[in-house]
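Protein chains in written order, with the numbering used here: chain G, 1 to 327; chain Y, 1001 to 1379.
Hints are computed from structural coordinates only; laboratory data are not their basis.
Idealized CB from N, CA, C, for every residue including glycine.
Some hints here could point you the wrong way.
[Stated by the list, open to error] Simulated coverage check for chain Y against chain G, where a stretch passes if three residues somewhere in it have a Cβ under 8 Å from a Cβ of chain G:
#1 1003-1014
#2 1121-1131
#3 1163-1175
#4 1302-1308
[Said to hold, decoys possible] Which chain Y residues face chain G? A few, computed with CB under 10 Å, are given here:
#5 R1261
#6 L1265
#7 W1266
#8 K1269
#9 G1285
#10 V1315
#11 I1322
#12 Y1356
#13 N1360
#14 E1361
#15 Q1363
#16 L1374
#17 P1375
#18 K1376
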Amino acid sequence: MRFLLDPEHRAFAASLDAMLTAADTPGTAREWGRGEHARGRALWARIADAGVFALAVPEAYEGLGPRPVDLAVAFVELGRHAVPGPLVETVTAAALLREPGPAKRLLPALASGASMATVAYEDASSEEGAFALDGDAADVRLSVTPAGLRLAPGYDGVRPSLDPARRLARLSAGGELLSVGPPAPRALLTARLATAAQALGVGLALLERTVAYVGRRTQFGVPVGSFQAVKHRLADTRIALEFARPLVLGAAVTMAPADVAAAKASACEAAYGAARTALQAHGAIGYTAEYDLSLWLTKARALRTAWGTPDECRAAVLAARARPVSR
Amino acid sequence: MDLTLTREEEAFREEARAWLAAHVPRTALPSLETAEGFAAHRAWEAELAADRWSVVNWPARYGGRDAGLVRWLLFEEEYWAADAPGRVGQNGIGLLAPTLLAHGTEEQRARVLPPMATGEVVWAQAWSEPEAGSDLASLRSRAVRAEGGWLLSGQKTWSSRAAFADRAFGLFRSDPTAPKPHQGLLYVMFGLRAPGVTVRPVGRLDGEPTFAELFLDEVFVPDEDVIGEPGDGWRIAMSTAADERGLTLRSPGRFLAAADRLHALWRAKGGPPETAGRVADALIGARAYQLFTYAAAARTRAGERLGPESSMNKVFWSELDIALHETALDLLGARGEAADTAWARRYVFALAGPIYAGTNEIQRDIVAERLLGLPKGRR
């Protein structure tokens, strides 16, 4: 056992970080939220060129995967830079498309970045139908119901999310039946893992930006960050994120349902806590839409309930532990 | 990135599990915080040591197995899962031993470590003083040069195990003229039955008496019992403190076992939905701490030193411990109040976690200043 990121993982993260830092992702995210997708698509192509989507696609369909650890490493960076678009949904679609016909037809374009996918995941508890993220931007719209996996023919309008960079759509009923028994539970694990990693990245960005802010913002003649009340809240934020990180990476290694659910719950709680702390420590400027912090603040809230609320994930942890497990 | 055990690690785990299954006492030993329990636990240390299970990560020549941190963690997981007794030798094993291995002389290691491994000599920590707790560097107990050694005088307090332990290790001010409070300190080992030592047990919140204050009146210690150079005590002690908070004080096995017990209790109560989230959080927290510690062990093995990130561990496990035991007592309802149950005893023990080994406020300051780079300010 050697529970430590390999040098290749760290180099991969560093190269994504450098590319995204240079790419003005905040500006791209703002345009995306207005329904202007050109820069977002260009960024998407570069992320695909770096190999990110190929990590979710099997080699048989022109991918490199599935490689959950690499995927988790990548999604932390995508979250740190507030990259917009149906990122989680695209890798989830790759996990859903397992029938050879549809897989051969749709997966190579997902791996290469030529197309992006979204997924509406209707489980038994859905009352009014699930939203598909960025249904207007996606080329491949998948609808998962207990009856199977369909390629939706379109979508019904776009609703805003409380995260301005996320746009929600309901997929039209009907469409081509791709599979009667898609690997929905396995795909849900991919979705939860990618969301957890993205949330961890969002939380890390919130903490990083807040630490920088309280280091330069002064009140009463000293930096706000020298007050113990502020320091302790930021220390707790760091601790929550640093203990979510090994859960995310560990879940990527095992892909056990309880591990993935634990990672999702704790990364999303940590990121949400980071958002609350970031807003409080920034004061009123953090409450403005103009200031870039808002991109991460609202995303932390949205990711918290995407692909399983913290309580649903906790229930999954307990359910998996109902049987004795060996450690 | 790998969580599969090697064949050797798997074999080690199996060997530990089998040994524990054959040796762990069927009925719990009396509390190690009493004279009777202390003796019983000392005998348990000897039993562990006889088959070299008391200090698996130490070098073999001092009674260990050269097992390394990962196998130590596996042993600890098996140890606590087997509900084996608490470790009366822990202060010495977890704090003094790493210090001696890093800073002691070979003569000191050969003399001190083997009887520590067998429980023949049990050690108490003598760091805190009435005016020096969180502000440890302000301590005032003195060490004055004497022929062939030093004379210790002053008062130490909150010394865990000191009521029944044999020897203690601690810091004393050897150079009162040093310009800064953390300079001019001596790190020294001394006997708790030596002439000039008075031990006064202090009842703790749980009523147990092994906690003690120590009064020292010109207690002689020979030079051979000084660790490192006189004046260098602070640096030596702090390197041990990082180890204490970082890895060796509370292994994840303890929390994994406790979370499993909590989950079993919850299920036995019919799985009440209102506590489900808290039970899940205990399982998640224990898993997080396990994986965090595996990562720390891997970093240590790769040659990195555990620095201020150790402070994150200490805050995390101490709060996890309290939350987990609070949930158990709440599940037990009014019966949870009864003080003679294992859950109640462990709850009261957990309450001390955020206080000892450096309060959590101090740990948060360390995280904020040394990991996040925030400016120092008034405490």
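Checked hints:
no.	hint	result
1	1003-1014	holds (count 5)
2	1121-1131	violated (count 0)
3	1163-1175	violated (count 0)
4	1302-1308	violated (count 1)
5	R1261	12 Å, violated
6	L1265	13 Å, violated
7	W1266	8 Å, holds
8	K1269	13 Å, violated
9	G1285	8 Å, holds
10	V1315	6 Å, holds
11	I1322	15 Å, violated
12	Y1356	18 Å, violated
13	N1360	9 Å, holds
14	E1361	7 Å, holds
15	Q1363	8 Å, holds
16	L1374	4 Å, holds
17	P1375	4 Å, holds
18	K1376	7 Å, holds
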